[in-house]
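Asks: According to numbering that gives the first Met the number 0, the sequence shown is numbered sequentially starting from 0.
Hints in this document: simulated from the structure, not taken from any laboratory. For glycine and all other residues, C-beta sits at the position ideal for the given N, C-alpha and C. Only true hints are included.
List time: in silico DSSO-like cross-link candidates among lysine-lysine, alpha-carbon distance up to 30 Å: (1) K73 / K297; (2) K400 / K173; (3) K399 / K171; (4) K302 / K73; (5) K297 / K110; (6) K432 / K416.
Per label pair, the in silico range of CB-to-CB distance: (7) K348 / K69: 39 to 47 Å; (8) E32 / G159: 51 to 59 Å; (9) S150 / V259: 15 to 23 Å; (10) Y311 / S181: 43 to 51 Å; (11) T270 / G122: 25 to 33 Å; (12) K400 / E316: 52 to 60 Å; (13) T157 / K324: 22 to 30 Å; (14) D403 / A113: 57 to 65 Å; (15) A113 / D420: 36 to 44 Å; (16) V361 / T157: 19 to 27 Å; (17) T65 / K348: 39 to 47 Å.
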Amino acid sequence: MKYICQVLLIISLTFLISSCEGIGQSPKTVKKEIVELKFWGEGSREYFDKEIAEPIKAQFPNIKLTLLMKHNLKLAIDENVVPDIMLEPVYGQQSESVQLGLQLDLTNYIKVNALDTSHFEPGVLEDEPISSLPFTRTHYVLSYNKALFDSLGIDYPTDGMTWDETLKLAAKLKTAGKGKSSLYGLYLTQSDIPIIASQLSLTFVDPVTNEPTLMDKRWDQLFQLWKSADTAPYYRDNENSHVYYETLVSPTKEIAMSIVPAYWNANGITTSLVSLPVFTDNPRGGADAASTTLSISKQSKHKDQAFQVIQYLVSDEFQMQIANKGQFSSLNKTIIADSFGSKVPGITKEMINSLNYNDLAVRVKRSKFDHFQDYLIKAGAISHVIDTSIPYWEAFDHLKKGEDKQKVLRGLTISLKYSVDSIKDTAEEYRKKLD
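Using the sequences and the hints given, assemble the complete structure.
Replies: Encoded structure:
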């Protein structure tokens, strides 16, 4: 009995000593497992590493972002490397991930993580169910060649001009520059079509019927503008049935005015700009500002961590950082708007006023098959200074030459419908691969 009591006493003392040793000591930290998230989106590797991956690593040490360098999501699916997070452009088109049925419904994640969607700019967030979050916006402006205006003694364009006034100014320039065959007054390219269309709340494809909308009377205003402006010359390559359009960067042309996105980098401002011209019946009617969105793949095995990442990317803290560098925030916060461009050399209050002069067009509902980049495929824009376009965009030039509008539009509608059906078939094929 005595022996048993001694044993019990020793055990009790040992437990007491070990308990005392633990007092005041920090508990041992359990190392979090590193979660790797595959990230797919537009932009260079340099941009991704510096502007996205590094801030995420600092915020979430246990999350590692890996960039998928794939031209499109279909290639990623073919190689069985479906991304966790997708950053996609949505200006003038629907995103590829929507076409392929990849996007996860974020509605419950938004609720559980208390993400306040009222902080986003009006009109940039889609209706419920929400499957993507706005990341950045784009403001389109009218860029003008100040030196060219000076050399011809013509007054510069101003904020608030209508398209009609801009065309008259372009004509005045061409008259003053008589003899200059390379002079372009108002220069438009095929890529400008969806920008101008958004000012009229137009989409290429009806969101309900998936039928082309080109017979809608509202397109007449855009067609008339196209006919009156200087547009990209083209030539046909009969060998591959492509049509090539010269780009804005050709050194053989003097461009007086053109549409550009207001974007710059650490090198600062390199162009003179005013607000995008508007249609007479819609003063201050700007273009669609929706630029890029963030979404999560249904196939992701790390959905919670992926949502942590995109929630941080649309947070006040991160959006303030990108606003300082001259990117337009998706948030409707005065403090962020006031900090815009604070780290951009050469930006002025007048420039910012021009950028914000127009009201932003409300993001219109789009068919999942309304994807302008599939209608206008670009190639060789750097090495050959050309845009490669599907041939039916010649129709816009046929309109310019005075051919019967109804005949041209019927042909263009048929071509567009063929493209939509092709996109639809391809999307269905890839949806099956994901099932």
